[in-house]
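Chemist: Given next are the chains, with one letter for each unit.
Number of protein chains: 2
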Amino acid sequence: MKKAPDENFLFLTRAGIDTHQEPVVYMREDCHVCRSEGFSAQGRVRICVGERSIIATLNIVTGDFLSHQKAALSESAWKLLGAKEGDKAHFKHAPPVESMSHVRGKLYGKPFTLEAARQIITDISQERYSDIQLSAYVTSCAANAMSLDETVAITQAMVECGQKFAWGENVQVLDKHCVGGLPGNRTTPIVVAIVAAHGLLMPKTSSRAITSPAGTADTMETLTNVVLTFEQMRKVVHDQRACLAWGGSVALSPTDDIIIRVERALDLDSEGQLVASVISKKIAAGSTHVLIDIPVGPTAKVRSAELAGKLGTLLKRTGEALGLHVQTVISDGTQPVGRGIGPALEARDVLAVLQNKREAPPDLRQRALTLAATLLEMGGVCGHRAGLGLATSTLDSGRAWEKFVAICEAQGGLRTPPAARHRHDIVAPRAGVIAMFNNRVISRLASLAGAPNAPAAGLDLHVRLGDRVEKGQPLMTLHAEAVGELEYALDFCNAHPEVLRIEEEVV
Amino acid sequence: MKKAPDENFLFLTRAGIDTHQEPVVYMREDCHVCRSEGFSAQGRVRICVGERSIIATLNIVTGDFLSHQKAALSESAWKLLGAKEGDKAHFKHAPPVESMSHVRGKLYGKPFTLEAARQIITDISQERYSDIQLSAYVTSCAANAMSLDETVAITQAMVECGQKFAWGENVQVLDKHCVGGLPGNRTTPIVVAIVAAHGLLMPKTSSRAITSPAGTADTMETLTNVVLTFEQMRKVVHDQRACLAWGGSVALSPTDDIIIRVERALDLDSEGQLVASVISKKIAAGSTHVLIDIPVGPTAKVRSAELAGKLGTLLKRTGEALGLHVQTVISDGTQPVGRGIGPALEARDVLAVLQNKREAPPDLRQRALTLAATLLEMGGVCGHRAGLGLATSTLDSGRAWEKFVAICEAQGGLRTPPAARHRHDIVAPRAGVIAMFNNRVISRLASLAGAPNAPAAGLDLHVRLGDRVEKGQPLMTLHAEAVGELEYALDFCNAHPEVLRIEEEVV
Numbered sequence: 001m002k003k004a005p006d007e008n009f010l011f012l013t014r015a016g017i018d019t020h021q022e023p024v025v026y027m028r029e030d031c032h033v034c035r036s037e038g039f040s041a042q043g044r045v046r047i048c049v050g051e052r053s054i055i056a057t058l059n060i061v062t063g064d065f066l067s068h069q070k071a072a073l074s075e076s077a078w079k080l081l082g083a084k085e086g087d088k089a090h091f092k093h094a095p096p097v098e099s100m101s102h103v104r105g106k107l108y109g110k111p112f113t114l115e116a117a118r119q120i121i122t123d124i125s126q127e128r129y130s131d132i133q134l135s136a137y138v139t140s141c142a143a144n145a146m147s148l149d150e151t152v153a154i155t156q157a158m159v160e161c162g163q164k165f166a167w168g169e170n171v172q173v174l175d176k177h178c179v180g181g182l183p184g185n186r187t188t189p190i191v192v193a194i195v196a197a198h199g200l201l202m203p204k205t206s207s208r209a210i211t212s213p214a215g216t217a218d219t220m221e222t223l224t225n226v227v228l229t230f231e232q233m234r235k236v237v238h239d240q241r242a243c244l245a246w247g248g249s250v251a252l253s254p255t256d257d258i259i260i261r262v263e264r265a266l267d268l269d270s271e272g273q274l275v276a277s278v279i280s281k282k283i284a285a286g287s288t289h290v291l292i293d294i295p296v297g298p299t300a301k302v303r304s305a306e307l308a309g310k311l312g313t314l315l316k317r318t319g320e321a322l323g324l325h326v327q328t329v330i331s332d333g334t335q336p337v338g339r340g341i342g343p344a345l346e347a348r349d350v351l352a353v354l355q356n357k358r359e360a361p362p363d364l365r366q367r368a369l370t371l372a373a374t375l376l377e378m379g380g381v382c383g384h385r386a387g388l389g390l391a392t393s394t395l396d397s398g399r400a401w402e403k404f405v406a407i408c409e410a411q412g413g414l415r416t417p418p419a420a421r422h423r424h425d426i427v428a429p430r431a432g433v434i435a436m437f438n439n440r441v442i443s444r445l446a447s448l449a450g451a452p453n454a455p456a457a458g459l460d461l462h463v464r465l466g467d468r469v470e471k472g473q474p475l476m477t478l479h480a481e482a483v484g485e486l487e488y489a490l491d492f493c494n495a496h497p498e499v500l501r502i503e504e505e506v507v
Numbered sequence: 001m002k003k004a005p006d007e008n009f010l011f012l013t014r015a016g017i018d019t020h021q022e023p024v025v026y027m028r029e030d031c032h033v034c035r036s037e038g039f040s041a042q043g044r045v046r047i048c049v050g051e052r053s054i055i056a057t058l059n060i061v062t063g064d065f066l067s068h069q070k071a072a073l074s075e076s077a078w079k080l081l082g083a084k085e086g087d088k089a090h091f092k093h094a095p096p097v098e099s100m101s102h103v104r105g106k107l108y109g110k111p112f113t114l115e116a117a118r119q120i121i122t123d124i125s126q127e128r129y130s131d132i133q134l135s136a137y138v139t140s141c142a143a144n145a146m147s148l149d150e151t152v153a154i155t156q157a158m159v160e161c162g163q164k165f166a167w168g169e170n171v172q173v174l175d176k177h178c179v180g181g182l183p184g185n186r187t188t189p190i191v192v193a194i195v196a197a198h199g200l201l202m203p204k205t206s207s208r209a210i211t212s213p214a215g216t217a218d219t220m221e222t223l224t225n226v227v228l229t230f231e232q233m234r235k236v237v238h239d240q241r242a243c244l245a246w247g248g249s250v251a252l253s254p255t256d257d258i259i260i261r262v263e264r265a266l267d268l269d270s271e272g273q274l275v276a277s278v279i280s281k282k283i284a285a286g287s288t289h290v291l292i293d294i295p296v297g298p299t300a301k302v303r304s305a306e307l308a309g310k311l312g313t314l315l316k317r318t319g320e321a322l323g324l325h326v327q328t329v330i331s332d333g334t335q336p337v338g339r340g341i342g343p344a345l346e347a348r349d350v351l352a353v354l355q356n357k358r359e360a361p362p363d364l365r366q367r368a369l370t371l372a373a374t375l376l377e378m379g380g381v382c383g384h385r386a387g388l389g390l391a392t393s394t395l396d397s398g399r400a401w402e403k404f405v406a407i408c409e410a411q412g413g414l415r416t417p418p419a420a421r422h423r424h425d426i427v428a429p430r431a432g433v434i435a436m437f438n439n440r441v442i443s444r445l446a447s448l449a450g451a452p453n454a455p456a457a458g459l460d461l462h463v464r465l466g467d468r469v470e471k472g473q474p475l476m477t478l479h480a481e482a483v484g485e486l487e488y489a490l491d492f493c494n495a496h497p498e499v500l501r502i503e504e505e506v507v
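Taken in sequence, the protein lines are chains G and F. If you read the first sequence in the numbering used here, its first letter stands for residue 1, the second for the next number, and so on. If you read the second sequence in the numbering used here, its first letter stands for residue 1, the second for the next number, and so on.
The following block holds chain G by itself, in its conformation from the complex (with noise of 0.2 Å):
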């Protein structure tokens, strides 16, 4: 057969499109390249510059503005890509994504190989999935909870493709973590002051949120600069034995990232993606004993103790697999912690304790005792059942304060957190005891008024569980930045009372 001569290609412009995540390519149906190729709607091409090559997907332009010359790409793409205006580009059908036949085998019951979990998360850390394609991925492990095994070989083979933090032979490297659902629980910034104000080494990484209204990266973020280079975040703590910075600006554990967005959308996380996902990131971060707090409650993530201790082996083994110490701590998770919910309303909170202010969120301020002990006695900078009272006059001396501000500054400077432009109260229907909240509710309407997205928005709760009020006495008080989202969030409020639930009181 005659080779065709090479003709196949088109000269690259950037759309100015914006898709998120997903590389997308526009081309006119009718130029010679969708011709030969026989490429249509929403096909899978791959784009090559060079030496260089991405797989996007196809969206065919049927207006006037792209010419017959050129193919255009979204953002993602361009960068993916490299791109330069005007590059000569080459184009193919994207080879059929071979590993996608291990999340069909999945689905059907056979269990990942290492072989297989390398295969997906090296396709996915190379953008090879589309968005369907990664909802599946997503799907299938949810749907057939992944064994140890399992876990463990996707957990390392997230390790693997993406860079890895290497703090010396024989370093003890602390990390601590919280399986979320618990609104409002920043206790991370607070433990990572006391920690490293005792010379423990702590280079904290943190996510964004997944699909709650903040992740500590996105309150860090109010308060200082958290995307640092992987230089910048070695020097930092070199200087200051720690730091409180974005796990992804790093690519420690990159796919998780993408995983984290269709999750996002899904409002969906499974168990073994979640420990796959947390021991990958303490594996590549280079730590060596981590302390995982699992809130519990009927609203929270986890709803039993017996679903904790489930969730808490499976964490202790896969990182005994790899090779790392974890240890689990299960707290009460029947109501929000602290008062703020969304990234600047918790730096808020955190500032408080740090700063040993009167209106301190109380339970804040004793989490984050409680982890840091522990924290302290793992360290070996105390016995065992000497660590909360180490952590206490740590705190309340002012050293953790000092320690927080030093590496605030050292990260790029500490800022003063965003306020909201607009703001409304929620207030009681009727008089009686608080007696209940709902976390998902309320993390909801916290997302709904623009958290994190818009970091000053989310919402104050002004009452806690047993708590007496009255007949409009204020409860909560939405903060959003558009006003488009305030009354999103208020049209959600109204339609959803069991956000919390008041009791008559019995006299």
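Simulated from the structure, these hints should not be mistaken for laboratory data. Predicted model, so just to flag it, every value in this text is computed and none were measured. Do not take every clue at face value.
Treat identical chains as interchangeable: a pair holds within one or across any two.
Claimed, not checked - EDC-like, lysine to aspartate or glutamate: derived pairs with alpha carbons at most 16 Å apart: (1) LYS70 x GLU85; (2) LYS92 x GLU487; (3) LYS92 x ASP491; (4) LYS357 x ASP30; (5) LYS70 x GLU409; (6) LYS357 x GLU320; (7) LYS164 x GLU377; (8) LYS316 x GLU271; (9) LYS92 x GLU29; (10) LYS357 x ASP425; (11) LYS70 x GLU29; (12) LYS84 x ASP467.
Given the coordinates of chain G, assemble chain F onto it according to the supplied hints.
Modeler: Same frame as chain G, now just chain F:
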């Protein structure tokens, strides 16, 4: 709280971008609507024009091609909304798709109720699911196999949200179906012609290919018009007692096509969804009696007699629960049927059988006769075991061909199938006996050559199981309409020698 004044609108324009099915809206990030509503890339947005509204995925335009006063719609969004250039549209955050909670529940083992099925299928039919959400639905059905009750619920919901044909009280309406997975098994046009020649009512609607290189609708489209309106189809059936139309064009079970698109992207279809798809189309088409062909073979869709029995039972019992009489026949699925694979090549084989040509593939003829025989018996035109003789004489006498021509004429005229511009022979690498065909690899090969989007593309098989071949003898001919596709299919063929197996002859 004060309501914002009515300024929250933009003027619509047509983007001229075909994103396939998912509706997309293009807006500037710095337009007043994005700013006041807090929209961001890939967010889901509700667009209202007067009383009409749709939900679309937001792509942010960072270039200059869109003014601040305009929002552009993809082709699918434009059609779904029925928009006109310059329409004044209002924008809001799309409410969360509540029925996704049932999909999440299913993933964790909670079966679909009828109410859940109705909510999901209604949301899908209104195109409220993003591609990511559709993929999770499809995957959840594959992972936690649906029970009979769930399958009945999804089937009923799919019937309810589309149009439904009624052919009159107490009228027997015949239908046939093949669960697929066997390339070239294009019996339907022959069966319909034989059955309708006896005056039985068989208003056949077929789907396009899911993951295969051709569906009956794709094949028939190379011979006549298959895109009929409800009224056109009714007229054809009134005059001819039968039709051979595309089901999607008359909105019978319209969600099916949306689901099929995602299944195709994932190369996945689940048993429950398969049964719901088949039975819902039959009920919506007004059928009362349906015969279902289940080919069984190691590389067919159904791999063992045991699985075929299970599928047959689910088909029968789902049909029964909804008032449809289902009969099944298990057939040989060890090798492709006929010679051609791909719309036009299969059409050629169908014509050869109907016209009693010498080159007519005997296996295709025999399979069609067997199915037609059972339908003639089900329809009461002849006694038990008399069907085969009657079907054979109908075909041999030319009555079936006459009927077929009449049906095609009624649908707009009989056409000659197109021929492909590019052809390439694949030859035997050594002498021996054909010992095995891999139906899946053969289907993939025909798809890569361009079928069914390029109707003339596909392949022609020149050998069958047990045939003796010499080295260099042609095994098959690839047909393609584009050079790129031919090359691509060839590359695939070279990389997959398991397309068929030649064993040394034992003398």
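Chemist: I want to check one pair: LYS357 and ASP30. Are their C-alpha atoms no more than 16 Å apart within a copy, between two copies, both, or neither?
Modeler: Neither, since 67 Å and 39 Å both go past 16 Å.
Chemist: When no copy is named, should LYS164 and GLU377 be tagged within, between, both, or neither for a Cα gap of at most 16 Å?
Modeler: Cα proximity of LYS164 and GLU377: none, with 26 Å in one copy and 71 Å across.
Chemist: Have a look at LYS70 and GLU409 and pick one of within, between, both or neither, based on CA distance no larger than 16 Å.
Modeler: neither (47 Å within a copy, 44 Å between copies)
Chemist: Measure nothing new, just compare the shortest in-copy and cross-copy C-alpha distances for LYS92 and GLU487 to 16 Å and report within, between, both or neither.
Modeler: between (47 Å within a copy, 10 Å between copies)
Chemist: State whether the alpha carbon distance between LYS70 and GLU85 is at most 16 Å within one copy, between copies, both, or neither.
Modeler: within (10 Å within a copy, 26 Å between copies)
Chemist: With identical chains treated as interchangeable, where does the CA-CA distance between LYS70 and GLU29 reach 16 Å or less: within a copy, between copies, both, or neither?
Modeler: The answer is within: 12 Å in one copy meets 16 Å, while 25 Å across copies does not.
Chemist: Regarding LYS316 and GLU271, is the shortest C-alpha distance of 16 Å or less found within a copy, between copies, in both, or in neither?
Modeler: within (13 Å within a copy, 37 Å between copies)
Chemist: For the identical chains here, do LYS357 and ASP425 meet the 16 Å Cα criterion within one copy, between copies, both, or neither?
Modeler: Cα proximity of LYS357 and ASP425: none, with 24 Å in one copy and 82 Å across.
Chemist: Quick one: LYS357 to GLU320, C-alpha cut-off 16 Å, is that within a copy, between copies, both, or neither?
Modeler: neither (40 Å within a copy, 71 Å between copies)
Chemist: Measure nothing new, just compare the shortest in-copy and cross-copy C-alpha distances for LYS92 and GLU29 to 16 Å and report within, between, both or neither.
Modeler: within (15 Å within a copy, 33 Å between copies)
Chemist: Reference check for the pair LYS92 and ASP491, CA-CA at most 16 Å: within, between, both, or neither?
Modeler: For LYS92 and ASP491, only the inter-copy Cα distance (12 Å) is at most 16 Å; the intra-copy one is 48 Å.
Chemist: Tell me, please, which holds for LYS84 and ASP467 at an alpha-carbon limit of 16 Å: within, between, both or neither?
Modeler: Neither, since 61 Å and 56 Å both go past 16 Å.
Violated hints, listed in ascending order, are 4, 5, 6, 7, 10, 12; each of the other numbered hints is respected by the structure.
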